[in-house]
Every structure is written in structure tokens, then in C-alpha cells.
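Residues per chain, in single letters:
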Amino acid sequence: MMSMAPHLFTALCSRLRRVWGTMDEVARGKAVETVEYEVEELENIFALLVLGVFVGIPSPPIQITMDLMPEMEHEFAVMLDKVSTAHDPLGELFSVLDID
Amino acid sequence: MSAIPIHFFIGKGGVGKSTTSALTAVHLASTGRRTLLVSMDPAHNQCDIFGMRFSGKSRPAAPNLEVREIDPEYWIRRYLKETRNHLKRTYAYQSAFNLQDHFNVLQYAPGLEEYALLLAFEDVMQAAGSHDAIVFDMAPTALSLRFFSLPSISLVWLDELLKLRSAICEKKEIISKIKMGACEFETDRVRKKLDERIASHTRLKSRFMSPSTHVNLVLNNDRLSLSEARRIERRLADIDIPISRVVVNKMGPEETMDDIAEIFSIQCLAMLPLVPGGILGLDGLEQAVADNAGALCAIAATL
Numbered sequence: 005m006m007s008m009a010p011h012l013f014t015a016l017c018s019r020l021r022r023v024w025g026t027m028d029e030v031a032r033g034k035a036v037e038t039v040e041y042e043v044e045e046l047e048n049i050f051a052l053l054v055l056g057v058f059v060g061i062p063s064p065p066i067q068i069t070m071d072l073m074p075e076m077e078h079e080f081a082v083m084l085d086k087v088s089t090a091h092d093p094l095g096e097l098f099s100v101l102d103i104d
Numbered sequence: 009m010s011a012i013p014i015h016f017f018i019g020k021g022g023v024g025k026s027t028t029s030a031l032t033a034v035h036l037a038s039t040g041r042r043t044l045l046v047s048m049d050p051a052h053n054q055c056d057i058f059g060m061r062f063s064g065k066s067r068p069a070a071p072n073l074e075v076r077e078i079d080p081e082y083w084i085r086r087y088l089k090e091t092r093n094h095l096k097r098t099y100a101y102q103s104a105f106n107l108q109d110h111f112n113v114l115q116y117a118p119g120l121e122e123y124a125l126l127l128a129f130e131d132v133m134q135a136a137g138s139h140d141a142i143v144f145d146m147a148p149t150a151l152s153l154r155f156f157s158l159p160s161i162s163l164v165w166l167d168e169l170l171k172l173r174s175a176i177c178e179k180k181e182i183i184s185k186i187k188m189g190a191c192e193f194e195t196d197r198v199r200k201k202l203d204e205r206i207a208s209h210t211r212l213k214s215r216f217m218s219p220s221t222h223v224n225l226v227l228n229n230d231r232l233s234l235s236e237a238r239r240i241e242r243r244l245a246d247i248d249i250p251i252s253r254v255v256v257n258k259m260g261p262e263e264t265m266d267d268i269a270e271i272f273s274i275q276c277l278a279m280l281p282l283v284p285g286g287i288l289g290l291d292g293l294e295q296a297v298a299d300n301a302g303a304l305c306a307i308a309a310t311l
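Chains as they are written, first to last, in my numbering: chain A, 5 to 104; chain B, 9 to 311.
Hints are supplied without guarantee of correctness; some may be wrong.
[Said to hold, decoys possible] Estimated spans, in silico, between C-beta atoms of each pair:
{"id": "1", "chain 1": "A", "residue 1": "E45", "chain 2": "B", "residue 2": "K89", "range": "18 to 24 Å"}
{"id": "2", "chain 1": "A", "residue 1": "P62", "chain 2": "B", "residue 2": "S218", "range": "30 to 36 Å"}
{"id": "3", "chain 1": "B", "residue 1": "L277", "chain 2": "A", "residue 2": "P62", "range": "38 to 44 Å"}
Don't read these hints as lab results, they were simulated from the structure. Where a beta carbon is used, it is the ideal one built from N, C-alpha and C, also for glycine.
Just chain A, same shape as in the assembly (with noise of 0.2 Å):
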């Protein structure tokens, strides 16, 4: 009965550990929502600037679009999920701001 003891403790322990594991990266993912939110309206936008012109938005001079694309495949996404969501703007917003 005895030699169990250690092994349970080390068994809450570890429990214990993951629980607040989680519930930290709960908490840090709750803290960081909106800034994320707001680093991708911030890529969408500097995207749209850079790359605009697959959207039919006038660009910067052509060759920096060209430099900058190969590095920007994320934005791109970024800027296309955008543009396929801009029918429900505020929807988007609501729902990251937990609005109901």
C-alpha cells in the first residue's frame, strides 16, 4: 500500500500538470484573440497593398511585387479568405469578439 503512494503522486502530479497546462494555453490563447485578429486584418491590409493587383486593386511598382511575392504565401491566403468572407464582414468581427 505504501510503495503505491509515490506512484500515485507522481500520477496526480503529472495529472495535475496537464490540467494546467492546458487551462494556461486556454488563458494565453484567450489573452492573444484579438491581437491576432488584428496582426491579420494588418497582413489582409499589407497584402491588399503588395499583392492588390490579383484582386483588382492598383499596386505599387511592379517589381515590388514581384521581390516581395515569393515570401508572401501566407498573406496571400490571408488576403483571399478575406476577400471570399467580405460578403460578412461584421459576422467575423462579432464571432472573434464573442458577440452573440
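We have chain A already, so just place chain B on it with the hints.
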């Protein structure tokens, strides 16, 4: 880039930019300077003037003188190929594949021609170590002006993009700090690229404004070329590029430069006479250089 003296010749079509730049190059070579004459004009008149064939590679045309022709189409193709390869390396296969169609259209985008000239200019300057002077026979006015203003215009865009990118990176750092407690952050490749482009355009801009860069404005003694010369001077002044010398070409024996002297300071004027039948072949060029040594010394700043 080293401070090798460079001489640009710009002006209205037909005023004699190619001949004036060829004369200046032959003059510089005759003074013992290893000279490179670069034709940036898509019409490429240098082969007719020298009576030789030239290409994208420098070819000796006389002692101390090499000539090279820039083909903007080649530079556009090369640039697009490099960008496309880079894109294939960094993008997932599917997105790179989807972009192909857009890419095929982008090669006709306005603005690529002057950028091609800028790339060629950088290439010439990088390979210029073995020369003492470089002479550029420039393209027609509109393209030349876009070429000179491209670094300034690009810098306005790049500076604004860098500000926005820095704001994004700052916020991303906050997110990774909170989420993962990370203290070291991956260098943002877009910001790195922006920094690189800003450095390169700043270098080009300061090269255009450097005292070792001489922009020579070629005109004839007629109202049309004089009005265009005034517009060129104003446009270049807007981007802080001064005119070193105004070359009045094809002056008849009876003509005076009164109209031109009213607009441009007499100290910066140089005059080259009209040669009936034109100046052709190396012999013709050498003869004209010998006949106009004073004016060419002033133009090439070899006094």
C-alpha cells in the same frame, strides 16, 4: 558601388544622343581611360555608328574602349525567371501552379521595362571594376525619366510598407511571447526583403545624385528639342538629379545659341557642330574627336 565617373546622355529622340555619347567615349578612351560605352536605347544605334556588331557582352571597339548593348527584353525574361523559380521554392506546389496564369500576364505589366534597365545598370556597375569611365547612351526621354525616378518612387512605397510590416512583426512577437514564452524570434523574411530593397534603391538613388555621375542633356538648336530639354531638366530637378552639361548638337556655322543661353547657364553649355553626312565609323569618330577636343573635354569633365 565604386565611384567610377559615369556619363549619361539623355534628350529628345533624334538630337544625337548616340553620336554624342560615342564621341565622348572615344575621347575618354583616347586620353588613356579604360572606357565602357553602354547603349541603353532599345533602338541601339551604336552598331551603325561604329559599323560593328555589339551584344549584351562588352566587345572591344578601339584601344581602351569597349561597347555593350542592353536588351531590356533579356533582363525582363531573366528577372521573371528568377522570381518564378524563387516562388516555386517557397510556395506550396498547388498555389504556385494556380499563380502561373497571373504570372504570364505580369510580364506585360507597365514599369518592368525601366526596372529591367535598372537591373542592367546595377549589373554594369558591378562588373565595372576594370574601367575608368562608363558612358551611357540612354533610351528616349520618357523611359529615361522613369528609369531615373524609379529608385525615388520605389523608396516612398518601400518605406511605407516597412512601417506597416514592422507593426505586424511587433504584434506577432507579443503573441509568441505570451503563447510560448519565446524570446528569440524568427527573422521575418518579408521585412528582410524590404530592408534589402530599401538598401539597394538608396544606393542607386545616391549613385544618381553623386558628384561622379554626370547627366548630360543633349539638344538641338530648335524650339521643340529646347522645350523638351526644359521639361527634362525640371523633372530631374524634382528628384534632385542635376544636369552637368547641356550639349547643343548639330550646330550650323551661322547659328547662335542665344535662345538656349537664356534658359541654361552659359557655363554649362557645350557645342558640337553639324557634320554633313553624319559621323560614321571609328575613323570618323576619331576625326570628330580631334576637331572638337575642347567641347569634349568639357562634356567628359577631363579638363
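What hint numbers does the structure not satisfy? 1
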